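Colleague: As they're listed, the protein sequences go chains L and R. For the first sequence, numbering that gives the first Met the number 0 begins at 0 and goes up steadily by one. For the second sequence, numbering that gives the first Met the number 0 begins at 0 and goes up steadily by one.
Be a bit skeptical, because a hint or two may be false.
Stated by the list, open to error - In silico PhoX-like links for lysine-lysine, alpha-carbon gap of 25 angstroms or less:
| # | chain 1 | residue 1 | chain 2 | residue 2 |
| --- | --- | --- | --- | --- |
| 1 | R | K79 | L | K39 |
| 2 | L | K25 | L | K14 |
| 3 | R | K72 | L | K34 |
Simulated from the structure, these hints should not be mistaken for lab results. No experiment lies behind these values; they were computed from the predicted model shown.
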Amino acid sequence: MIETIVTSAIALASKIADAVMRKKPKTELDKPLTKLESEKIVDDMLARARAMAEAEKQRKREGK
Amino acid sequence: MNGYVLVLAMAAFAAVTGCTHATDVQRAIAVHNVFRSVILDIDAAYAPVLREADEAAQLQAAGDSAAYLEAIKPYTDGVKALSTAKQTEQAMHLSISQWEATGNDTGILRETYACAAEAVDRVTMALGGLPKASPLYAAAFAIGTQLRSMADGADCEVGK
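Could you put the whole structure together from the sequences, leaning on the hints where they help?
Modeller: Right, here's the structure in full:
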């Protein structure tokens, strides 16, 4: 008997809490960040550095 | 009679706990969203600075890869700090999502706040020498302070 009353009371309390919170405008969790613009630019920079290093090697080979 | 008082007390406790949890989650979401937008603002401000630095470094290095890498290093270091901040934002997002869904704060969130505060410190240090950085610096400083307060003494153990 007590168990039923307690279970019902907790369910009711939970509904009240939900109703109270529903009245407030909810803030939504923004989506997680993906690739940043700065990261893309740095990726390009590092690719450029690799290309430069490759060109240097090529020049050295041709200069033999 | 005593039984009814007990039941009422339990119901009131459940209602208060439910409200508190929802309020805490809302606060965490709000802090996450500000943190996220500060990272995006810094990224937007940093991108043109990086492009300019890239052009200058290319001219200066004149095809010498070592000279080019040296010239861009301070900027790549700045982006590394920003990437770390982004990763902590992703971790914070995951922790809050799980907390919101399950109602169980695993305790990871406080550490995530601590890591985010550290990451913000590193980003602000990288931004210190940049022109036009002061409004962003102020925004980053403000969210860093809030994150540190929400970490409530927890330490960031990630990568240590």
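Colleague: Holds or violated: R/K72 and L/K34, Cα atoms, limit 25 angstroms.
Modeller: 20 angstroms, holds
Colleague: Given the hinted pair R/K79 and L/K39, is their Cα-Cα distance within 25 angstroms?
Modeller: Cα-Cα ~12 angstroms, so holds.
Colleague: So if I understand the rule, the pair passes when the alpha-carbon distance is 25 angstroms or less; does L/K25 with L/K14 pass?
Modeller: 17 angstroms, holds
Hint compliance for this structure: no hint is broken.
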